[in-house]
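> Put together the whole structure using the sequences plus the hints.
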Amino acid sequence: QKEVEQNSGPLSVPEGAIASLNCTYSDRGSQSFFWYRQYSGKSPELIMSIYSNGDKEDGRFTAQLNKASQYVSLLIRDSQPSDSATYLCAVGENFNKFYFGSGTKLNVKP
Amino acid sequence: EAQVTQNPRYLITVTGKKLTVTCSQNMNHEYMSWYRQDPGLGLRQIYYSMNVEVTDKGDVPEGYKVSRKEKRNFPLILESPSPNQTSLYFCASSPTWREKLFFGSGTQLSVL
Numbered sequence: 640q641k642e643v644e645q646n647s648g649p650l651s652v653p654e655g656a657i658a659s660l661n662c663t664y665s666d667r668g669s670q671s672f673f674w675y676r677q678y679s680g681k682s683p684e685l686i687m688s689i690y691s692n693g694d695k696e697d698g699r700f701t702a703q704l705n706k707a708s709q710y711v712s713l714l715i716r717d718s719q720p721s722d723s724a725t726y727l728c729a730v731g732e733n734f735n736k737f738y739f740g741s742g743t744k745l746n747v748k749p
Numbered sequence: 149e150a151q152v153t154q155n156p157r158y159l160i161t162v163t164g165k166k167l168t169v170t171c172s173q174n175m176n177h178e179y180m181s182w183y184r185q186d187p188g189l190g191l192r193q194i195y196y197s198m199n200v201e202v203t204d205k206g207d208v209p210e211g212y213k214v215s216r217k218e219k220r221n222f223p224l225i226l227e228s229p230s231p232n233q234t235s236l237y238f239c240a241s242s243p244t245w246r247e248k249l250f251f252g253s254g255t256q257l258s259v260l
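Respectively, the protein sequence lines represent chains A and B. When we follow the numbering used here, the leftmost residue of the first sequence carries the number 640, and every step to the right adds one. When we follow the numbering used here, the leftmost residue of the second sequence carries the number 149, and every step to the right adds one.
Source of the hints: derived by calculation from the structure; they are not laboratory data. Idealized CB from N, CA, C, for every residue including glycine. Errors might be hidden in some of the hints.
Unchecked claim - Keeping only pairs whose Cα atoms sit at most 27 Å apart, straight-line, the calculated DSSO-like set for lysine-lysine is:
1. A:Lys706 - A:Lys744
2. B:Lys219 - A:Lys706
3. A:Lys641 - B:Lys166
4. B:Lys248 - A:Lys736
5. A:Lys736 - A:Lys681
6. A:Lys681 - B:Lys219
7. A:Lys736 - B:Lys213
8. A:Lys641 - A:Lys736
Unchecked claim - Some chain A residues judged to face chain B by a derived CB distance under 7 Å, without partners named:
9. Gly655
10. Tyr678
11. Ser682
12. Asn735
13. Ser741
This is the structure in structure tokens:
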């Protein structure tokens, strides 16, 4: 059984702080890695995708991938109340199957 | 507007009554898939389709069927729904398997 593990939270950070979200995965053959944001009652939307080891930055968001440790993270700088949502880690393997973590709920306090 | 359209948004049914949840995308995407989302379990893949010729099981296919007769449509069929299929269902599409998924707005299904 492929597994993608996330801390369910909630993770509470003050406005303007850095939020750090973590994800581990069990399949060493995983090829692609994604972070989705899901507001309550809404569908997931992509925040970041990353395919190779290292960091990838997009605005206030940075995704980090370490395949040797089977670990992927998402950093949100200058967190805003509008960032309050559940963040889903997704891992793609065998070119067609995706596995999602159960999500980490982030609360950004004004 | 580019989108994935799911219908219905809410559905209440009884055990054993066949139902179909429709999914249509207008982005000419090759890849389509279905997920169910349950509290504490996250999104789990039910079926996926690489293109109109290739459809295969995801992680939790039992009790579900799909059909990909044309590129834009990918309906999910529950021939004999049971209460354990009560869940929030999402259809998604993507240009290819490596790219981001575009999700539909979801279907909340309750099987009594």
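> State for each hint whether it applies.
Hints and how they fare:
1. A:Lys706 - A:Lys744: 24 Å, holds
2. B:Lys219 - A:Lys706: 34 Å, violated
3. A:Lys641 - B:Lys166: 31 Å, violated
4. B:Lys248 - A:Lys736: Between Lys248 (chain B) and Lys736 (chain A) the Cα gap is close to 13 Å, so the pair holds against 27 Å.
5. A:Lys736 - A:Lys681: 22 Å, holds
6. A:Lys681 - B:Lys219: 25 Å, holds
7. A:Lys736 - B:Lys213: 17 Å, holds
8. A:Lys641 - A:Lys736: Given that 27 Å is the threshold and the Cα spacing comes to 10 Å, the pair holds.
9. Gly655: 28 Å, violated
10. Tyr678: 12 Å, violated
11. Ser682: Given a least distance of 4 Å, the restraint on Ser682 (chain A) holds.
12. Asn735: It holds, given that the least Cβ distance between Asn735 (chain A) and chain B is near 5 Å, below 7 Å.
13. Ser741: 4 Å, holds
In this structure, the hints that do not hold are numbers 2, 3, 9, 10, in rising order.
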